[in-house]
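All chains should be modelled from the sequences, with the hints used to inform the complete structure.
Those sequence lines, one after another, are chains A, B, C, D, E and F. Just so we're aligned: the first sequence equals residues 525 to 709 in the numbering used here. Just so we're aligned: the second sequence equals residues 525 to 709 in the numbering used here. Just so we're aligned: the third sequence equals residues 525 to 709 in the numbering used here. Just so we're aligned: the fourth sequence equals residues 525 to 709 in the numbering used here. Just so we're aligned: the fifth sequence equals residues 525 to 709 in the numbering used here. Just so we're aligned: the sixth sequence equals residues 525 to 709 in the numbering used here.
Rather than coming from a laboratory, the hints here were simulated on the basis of the structure. None of these values were measured; they are calculated from a predicted model. Glycine included, every Cβ here is placed at the ideal spot set by N, Cα and C.
Using 20 Å as the maximum straight-line C-alpha spacing, the simulated SDA-like pairs for lysine to any residue come out as follows:
1. K640(C) - G622(D)
2. K640(F) - P667(F)
3. K640(E) - E618(F)
Examples of chain E residues lying across from chain C (beta carbon under 10 Å, computed):
4. E545
5. T550
6. A555
7. F598
8. W706
Over 12 Å on every C-beta distance to chain F, these chain A residues come out as not near it, computed from the model:
9. N534
10. G540
11. V570
12. A571
13. D575
14. A577
15. V636
16. R639
17. N665
18. T670
19. P680
20. F683
21. H686
22. L688
23. R690
24. R693
Number of protein chains: 6
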Amino acid sequence: MDIHCLFHQNQLDYDGTQLRELFARTMGCPAGDSAIVFRGACHVDVAHLVDSADALAQQPIHSDDMLHVIMEFFSVDLLATVYLQRLFMVCVLEELLGRGVPALRRGDDIFVDHRKFSVSIATASRVSTLIHVGMNISSRNTPLPTVALGDLAIEPWEFARHVLDRFSREVRSCWEARCKVWGVS
Amino acid sequence: MDIHCLFHQNQLDYDGTQLRELFARTMGCPAGDSAIVFRGACHVDVAHLVDSADALAQQPIHSDDMLHVIMEFFSVDLLATVYLQRLFMVCVLEELLGRGVPALRRGDDIFVDHRKFSVSIATASRVSTLIHVGMNISSRNTPLPTVALGDLAIEPWEFARHVLDRFSREVRSCWEARCKVWGVS
Amino acid sequence: MDIHCLFHQNQLDYDGTQLRELFARTMGCPAGDSAIVFRGACHVDVAHLVDSADALAQQPIHSDDMLHVIMEFFSVDLLATVYLQRLFMVCVLEELLGRGVPALRRGDDIFVDHRKFSVSIATASRVSTLIHVGMNISSRNTPLPTVALGDLAIEPWEFARHVLDRFSREVRSCWEARCKVWGVS
Amino acid sequence: MDIHCLFHQNQLDYDGTQLRELFARTMGCPAGDSAIVFRGACHVDVAHLVDSADALAQQPIHSDDMLHVIMEFFSVDLLATVYLQRLFMVCVLEELLGRGVPALRRGDDIFVDHRKFSVSIATASRVSTLIHVGMNISSRNTPLPTVALGDLAIEPWEFARHVLDRFSREVRSCWEARCKVWGVS
Amino acid sequence: MDIHCLFHQNQLDYDGTQLRELFARTMGCPAGDSAIVFRGACHVDVAHLVDSADALAQQPIHSDDMLHVIMEFFSVDLLATVYLQRLFMVCVLEELLGRGVPALRRGDDIFVDHRKFSVSIATASRVSTLIHVGMNISSRNTPLPTVALGDLAIEPWEFARHVLDRFSREVRSCWEARCKVWGVS
Amino acid sequence: MDIHCLFHQNQLDYDGTQLRELFARTMGCPAGDSAIVFRGACHVDVAHLVDSADALAQQPIHSDDMLHVIMEFFSVDLLATVYLQRLFMVCVLEELLGRGVPALRRGDDIFVDHRKFSVSIATASRVSTLIHVGMNISSRNTPLPTVALGDLAIEPWEFARHVLDRFSREVRSCWEARCKVWGVS
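See below:
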């Protein structure tokens, strides 16, 4: 359950098509569970939304500048992947709280002062499950009131590293917790 | 994925043998995923520990008075149950934070000012998976420095109800998140 | 394991493309296990058949007027979905028998006096499993000898409601049966 | 998914302890999915009940003479095993109906004229899942009003053979149905 | 777990598109786990590679004449399918060794005197898992140094029959080994 | 899928009770997939056999001196564990062949000149799956004709290290093979 983390330094815009089988692999990650971090605009039009709630509401996603994380898992089903997605958002929350930011979590969303900080979705492919998390670097030109890392004076890459460290430790310690107990009858 | 919650009002001490198949069922819960809440001392001697780390350290568990939650799930494996256990502890954390208590989470443990607030374990039976969470009501006579609901002036049953509400919503919204997405290729 | 049932009142013809991820969801059903009921012609040409037996036999499906049910499940695999499909057909059988119709089941087909009453298929998507059941309302213009709800003087919507009720109870009681037993060694 | 059927001719009483890992194997069945059929009294006292509903109601099971079937499966989980149990009871129902007996099914129970014909339970072991079905051969000395094969003038072994044939065909055709379809997206 | 084997006598070239859901079924195999054996050239261009390592290396696959086996499984996940793929290559290895050929295995590749004998890949579809194995009949025009059945004076069809026999026995005996043990605690 | 290997230097006899949940853990291995290697006599009487074939044949297992490997896995089911057991025996086979020993494999048994070299079994616990492999160090006092590492002039610990290395690489490369492919439709 070790996660390969790849920090892709060049700008890369997210339009939804990056949420596909082996995306991190084609960007240079070794085979296995992975997280690729990159920075770029986020624009997903209605045709590329995988969230049926957003699609039915005809609600495209837009942000001028975001910190993106795409994770891919090869040994958990979609429901467990949603649990992992929530734990990832908890790592974001705890990292923000640790820096004194009064953040709140509602499901897979993080808010600061009622302004939305992030977008996230989890889905399945034929060979894996996938999570996308986008965190605002800039809060300009967003369809809803948002807050961004820029507003909070947080450096994106350093923030990403800390969140990924927290999440990697979380996933590893969950695996150890699963492996250290006797069964009961 | 709806969880039947049973608040068992009579005192009931926990000695580890309650962490067994269909315990909530035999206490009056209907068949299905369940959470039973009760209050009583906690004493698990080394022979009844299911955590091999505690057993190898010969470290029995003791608390004079605890708020106990035993949950049983019938459709998730042990690793996903550990993820649910973490999400439960996050609900405890967020409930404490919401009340102004400066709590911190480390894995499945909650701390306040470096004092331990809770114990928790997840395991599997032949027909289900199980989680025990014990939260101190009193901090007297514990082997480690602890903090308790009593110290924080929090009423145990009312606290339990809020935490269980949070967790039930979390589990339900995870299920909906799992069911609302199109796959990708 | 509760199934959201949606009775879609407007005519809707079935051509095979409705058997897809989140079809009920896009028709207005909430996220989760679902059954959508609708009425319309049934015409699936060879290119849209998911049943390889029909495809190899080059046997398109046609009926002028059918009662359609499309079900989607998010927590069972394809083999268990076939079991559920059979149990659904048993509910149809038992509902017909209860009305005095001398129906017989052969696998996932229902016959009355050697005439075919229904078509059915179960398959998997990337995020779910799916079942289609079509029951003849009219027996005109079918490639094989058929019997229809019209011939049996049964009102389609009322029939659908009774079958769905039976099936929902069946699925719920299976879940309870799964959750009420101690394991053995 | 082929089921080895063993017809054990010598009398063998059922007291609940036969519902265990590899019982059919130790009676001479080859390794693999199995059904062992035998005849004998049925008496399960409260301590050996695996059904928590019966145990909580303190309701032992008794019949002077029963046709017993114990099935063991090695590749389905407990929920799918409950589906198989229901399909087995449907085979019993259809076999009775085919002989002109006005039988009815309610969940995993078969009734004739409001009298109970059968008992059944499904559970899991560490290596398999198991189903017990008991069908009355005699209706004397039962705690509830019952009907028996003797009352219906049905020869038990011949009846068992027909039911097992139906069920084997059902299971095989479910497997083929699962394997003959293209997926959808 | 019985595998239907189909020996397709007419020449059939492999270009990667044969590795799809129900390919053997559409060639005449009954529904269920299957292995189809055929002979023909092998040419998979970069666009049709499912192996991301080959795709990233821009390495098309070519052989003038190969013995092909495509297997499809309906009850194992992708990781277990990779285990089965390895066991299949072990059957190839042991068959060669039994004929006095000094073959060696490295993962899913077979070598003779440092020359490559075979190519292989395992992947998943929406309804099954699939394995392709190609074994050189001719060693002409291959991008790497290869060895072929022709060089070893081995008749391809007879070789295929022996390998498939070994593999069928292996898979069956694995299933029996899985079904013959009591659990432990 | 990394396997912690523990070489336990002190003599330890195997009587079947070591094949239990978390045995390696209680001997000092960290939580997670594990292989513990030790040396000692092997005597499993009929009451402790988990293999029903041996138990029905009333065939106890005995060897004066064996190299033992007990492996425990926390993320594969019993059938996949049998596949892993076979792959382990293949690693033993290939290691022997690489040293010029004319070994043959039949299922999970290794033979040299028709003499048995090893015993092996795979089973499941409530929280894991387990494999035991015993390889003769001495061929004295065995119930069947056997061959031993001593007869082959192979040092047991050095042999164990090479076999475990092979197997660890095998398991890791299977995982990578599972994670490197795009799905098909």
